[in-house]
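In this note's numbering, each number is its position in the sequence shown, counted from 1, plus 47.
Hints are computed from structural coordinates only; laboratory data are not their basis.
Some clues are possibly wrong.
Unchecked claim - Result set (DSBU-like, lysine-lysine): computed pairs, CA atoms no more than 35 Å apart in a straight line:
(1) 229 - 294
(2) 210 - 229
(3) 294 - 127
(4) 294 - 210
To be verified - Pairwise CB distance ranges, derived in the manner of DEER restraints:
(5) 301 - 265: 45 to 55 Å
(6) 77 - 234: 43 to 53 Å
(7) 261 - 104: 33 to 43 Å
(8) 77 - 278: 10 to 20 Å
(9) 188 - 61: 31 to 41 Å
(10) 292 - 93: 45 to 55 Å
(11) 128 - 78: 20 to 30 Å
(12) 278 - 71: 13 to 23 Å
(13) 287 - 234: 17 to 27 Å
(14) 301 - 137: 15 to 25 Å
Note that the structure is predicted; figures quoted are calculated from it, not measured.
We put the CB at the ideal spot given by N, CA and C, even for glycine.
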Amino acid sequence: MTAAGRPQREGSSIGAVLAQLRPDFPDVTISKIRFLESEGLVRPARTPSGYRQFGPADVERLRFVLAAQRDHYLPLRVIKEQLDAADRGEGPASTGTPRPRPPRKLVAVDSGDDYGQAPGLPGPERFAAEPGDEAVFTPEDLQREAGIDAAMLSELCQFGLVKPSGAGYYDADAVRVAHTVKAMSDYGIEPRHLRAFRASADREVGLVEQIVAPVLRHRDADARARAEETVRELAALSVTLHTLLVKTGIRGVTGG
48 MTAAGRPQRE GSSIGAVLAQ LRPDFPDVTI SKIRFLESEG LVRPARTPSG
98 YRQFGPADVE RLRFVLAAQR DHYLPLRVIK EQLDAADRGE GPASTGTPRP
148 RPPRKLVAVD SGDDYGQAPG LPGPERFAAE PGDEAVFTPE DLQREAGIDA
198 AMLSELCQFG LVKPSGAGYY DADAVRVAHT VKAMSDYGIE PRHLRAFRAS
248 ADREVGLVEQ IVAPVLRHRD ADARARAEET VRELAALSVT LHTLLVKTGI
298 RGVTGG
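All chains should be built: construct the whole structure from the sequences, respecting the hints.
What follows is the structure, encoded as structure tokens:
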């Protein structure tokens, strides 16, 4: 009971949930949480007056959804299927995933993917994050983590494969790109050979921008969340399509 004699509400408000998620997912917003609710990925209880009340299980579901999008580029449809299967007892309780944090250091682990099949990073290895601070890498950090030298980093920048911030730092994705190119270099592929990848990616980005622009022109509060979700879905589909096309081409080369 509260001091005024009213029963204490159970669960957390949407604002309190946002505060819990923000340390691990800095880009999450109230609009994003509402959008995930509208898509049926989380179903918080409601007070008689209509306020959302999120329980611990709801918060864990949100963590799972956000981590699956960020770390594995999974479309919402696939994430929802996984959660629904877990709810029916047909799969592991995925919502109990450990809380992810921004990486301070990246370590290579086996991907287990076939030809980099999405979700997952292309190449024989991908990176797992160790808990720590924001992932900001100096050129020397990037070279050490990716196993490259200054000359290769210079080529990566020259051909547009990685790009430093205005302050001269790199993010975790730049380290992943550098590590992947380093793995490809073992087969005689050099950064200059990969300009077509950069050009293809830029064309895909342009196509996505055309699709998302009309959504962003809407004035409602959830427009940005819908646009971000569209970008994630298209990115995941793009990775899948690219992987399938490469695998098909490889079968043609090997006669398999």
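Each hint tested on the structure:
{"no.": "1", "hint": "229 - 294", "verdict": "holds (21 Å)"}
{"no.": "2", "hint": "210 - 229", "verdict": "holds (16 Å)"}
{"no.": "3", "hint": "294 - 127", "verdict": "holds (27 Å)"}
{"no.": "4", "hint": "294 - 210", "verdict": "holds (29 Å)"}
{"no.": "5", "hint": "301 - 265: 45 to 55 Å", "verdict": "holds (48 Å)"}
{"no.": "6", "hint": "77 - 234: 43 to 53 Å", "verdict": "holds (47 Å)"}
{"no.": "7", "hint": "261 - 104: 33 to 43 Å", "verdict": "holds (36 Å)"}
{"no.": "8", "hint": "77 - 278: 10 to 20 Å", "verdict": "holds (19 Å)"}
{"no.": "9", "hint": "188 - 61: 31 to 41 Å", "verdict": "holds (37 Å)"}
{"no.": "10", "hint": "292 - 93: 45 to 55 Å", "verdict": "holds (46 Å)"}
{"no.": "11", "hint": "128 - 78: 20 to 30 Å", "verdict": "holds (24 Å)"}
{"no.": "12", "hint": "278 - 71: 13 to 23 Å", "verdict": "holds (20 Å)"}
{"no.": "13", "hint": "287 - 234: 17 to 27 Å", "verdict": "holds (24 Å)"}
{"no.": "14", "hint": "301 - 137: 15 to 25 Å", "verdict": "violated (36 Å)"}
Checked against the numbered hints above, the structure violates only hint 14.
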